[in-house]
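K.L.:
Single-letter residue listing:
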Amino acid sequence: MWILLHKMASPKYFYSIASSLIPWLFISGLLMMTYGMINGLFYAPPDYQQGDAFRIIYVHVPAAYISMMAYSLMAIAAFIALIWRIKIAHAVIVSAAPLGAWFTFLALLTGSLWGRPMWGTWWEWGDPRLTSELLMLFLYLGYMALRASIPDVIKADKLSAILILIGAINIPVIHYSVEWWTSLHQGSTLLKSGGPSIATSMLYPLIASIIGLSLIFGSLLLIRTKAEVLNRERHSRWIKEMILKGEI
Amino acid sequence: MPKRLTLIRGFTAMFRRDLLQYKKRPSQILNPLIFFIMISAAFPFAVNTDQTQLVQIGPGIIWIMAILSYLLTLHHLYNDDAEDGCLDYIMLSPQPLPLLVLAKICAHWISSGLPLIIISPIIGIIYQMQVDTILIMIATLFFGTFALSLVGSIGASLTISIDNSNILVSLLVLPIMMPVLIFGARTIELYQSGATTMSGMYFMSAYCMFALSFSPFASAAALRIGAD
Amino acid sequence: MSNRLTIENLTLFRGDKCLFKNTSFAITQGDLLLVTGPNGSGKTTMLRSIAGLVEPETGTISWNQQSILVNRQTYHEDISWISHNHGFKSSLSILENLEFEAHLYNYSFDKIDNILERLSLTVNKNIPFKFLSAGQKRRASLARLALNKSSLWLLDEPTSNLDAHAQDIFKEILNEHISNNGLCVLATHHPEVFEDSTSIIELN
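Residue numbers (this note's numbering), protein chains in the order written: chain A, 993 to 1240; chain B, 372 to 599; chain C, 2 to 205.
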């Protein structure tokens, strides 16, 4: 696996791997999402407290999970890019940012729609998890704003990578906010010692949704990164050859 | 025979030179202070609240205004040196760059943060705060401005080459400053309602220590990258 | 033990434009290297990359067989840098500026009066920098060279704004440095001014 990762550092190899992975990721993601959605929306029993309103969990939790995962991915890529100077990691960060921002927005939006029937409010300013998730949206937007202001690509890459690393402190804050402070959010349901505290008929569609949406996110990320790699390497020979052979 | 080049010499020289620079350009310090006073005073006019409400919203408003006016001072931290070429000499010095950055941050805090802290009781009085509450507010602003100097230095070092970077620096620094803002304002409110303030103070001092440990290095790294 | 600056396979980009590709050269004690070329050809960028301010796309820059990125402090102790901007605060005087830099660079001030006199700056040494003429500012910037005991001089257009007399003084200072086993990389529009150069790089 290390050899594979090492090869992925080369843009040309990455491009061909990504091209072959994308359909697999997308279709399997779509299948899992379909299973998750159908079972979650139609077949899972209604919650004894919330009735049918809880079903938004099948969109909200995957979106929130992906928003955090995308940022962690960006932080790891920023580390790789700055310490080991692997250029393609910068392309990954650039591509992941708008996706992560949209999923964060989706998490906040669906969370707000869920909060209205469940907690009686669209938003709760004292809640640490809501606040830190909103902060993460600002971190994404700040990153994109910084990139847009620096015309030189290499400088923009490195400076915004530093920014991402600084903001990475927010990830554990979001995750542990329900433990450290009192919050309207409930505590951990899935990653608890003693196993998940949710009924299996609700659990399996949830896990399927999370995995499915992550796979779709992965495929979208690879598509965007491919485009970004094309843009960055537009002067190199392997791209010209691929164009001549009609492979792009 | 030249004296040995020590870290203390480098730190104090950079610190004193920056202080001297701020002293020679008082408008750089005064303008944000006046902004702070004017907008904080304008709030009660706009919001049209009575006495009790003013006391409640006071801490939050003062904190936000303090942060906003302080953010206005940040862009002088490195831009002035970049313009006249001094930044090159600072970066090419045998002294470690994080040390010189720390000296700049301390000089910035003393010349921009302390005046803000000193002015804040006046605003506290506008918002009908008691004397002891004002003391708590000063304590929280002490940590807050120092944290903002540290974190703002990272924002400033990332945006040197950009024109009109004020707004961008604010955009980058505010998300990271939110915890301090929340704890700072809440600590004052908690004190007003009679609860203990020590947890908030501990948090803010811990935040400052944490920022102190990485901000000079992050700023130095950003300065070196932006040196093209 | 002679000092040596080695540049290997240097490739520098500015944005999308490649300034030079896989350039290699080396200079040692007593060498004066001129870097010439039209405006925008990358002279300043090359000097900045030798100083360590700009990271090259590929290539290594070594001072005495050690990469300059490895131990910046040792390298910085050995270089003097002169650039387009003077690097002086306009509200402080020449002396105050140099005193500040002395703490950063370990200058020795025992000969400061001689140097200022040689550069015709004695009268102006206590006036705020902003009141000096362009030529005086340039001469003040060059005063650093005599205060620092460094071997490698990296000079970007050091003679701009200097009249003929001041240029001669500067050439004297430069020749003294070179004959004292110093090294110098000098970027200039007018290579013909420096007839004693050991080698020339032309960028275009």
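Calculated directly from the structure, the hints in this document are not laboratory data. Ideal Cβ placement from N, Cα and C applies to all residues, glycine included. Among these hints, one or two may not hold up.
[Claimed, not checked] Derived lysine-lysine pairs resembling BS3-like cross-links, with alpha carbons at most 27 Å apart: (1) C:Lys126 x A:Lys1232; (2) A:Lys1237 x A:Lys1147; (3) C:Lys131 x A:Lys1147; (4) A:Lys1218 x C:Lys150.
[Stated by the list, open to error] One side only, chain C facing chain A, incomplete, derived with CB under 10 Å: (5) Phe14; (6) Arg15; (7) Gly16; (8) Asp17; (9) Glu97.
K.L.:
Next step is simple, just say for each hint if it's right about the structure.
P.N.:
Structure-based check of all given hints:
At most 27 Å may separate the alpha-carbon atoms for a hinted pair to count; C:Lys126 and A:Lys1232 exceed this at roughly 61 Å. Proposed proximity of A:Lys1237 and A:Lys1147 is contradicted: the alpha carbons are some 34 Å apart, above 27 Å. Among the hinted pairs, C:Lys131 with A:Lys1147 is inconsistent with the structure: their alpha-carbon atoms are about 32 Å apart, more than 27 Å. The hinted pair formed by A:Lys1218 and C:Lys150 fails the criterion: a straight-line CA distance of about 52 Å is larger than 27 Å.
Using the Cβ-Cβ criterion of 10 Å, the hint placing C:Phe14 at the interface with chain A is satisfied: the shortest such distance is roughly 8 Å. Because the closest C-beta pair between C:Arg15 and chain A is about 8 Å apart, less than 10 Å, the hint holds. Given hint, C:Gly16 at the interface with chain A, holds; its Cβ is 6 Å from that chain's nearest Cβ, closer than 10 Å. For C:Asp17, the shortest C-beta to C-beta distance to chain A is roughly 8 Å, which falls under 10 Å, so the interface hint holds.
Interface hint at C:Glu97: violated, since its Cβ lies 33 Å from the closest Cβ of chain A, which is beyond the 10 Å cut-off.
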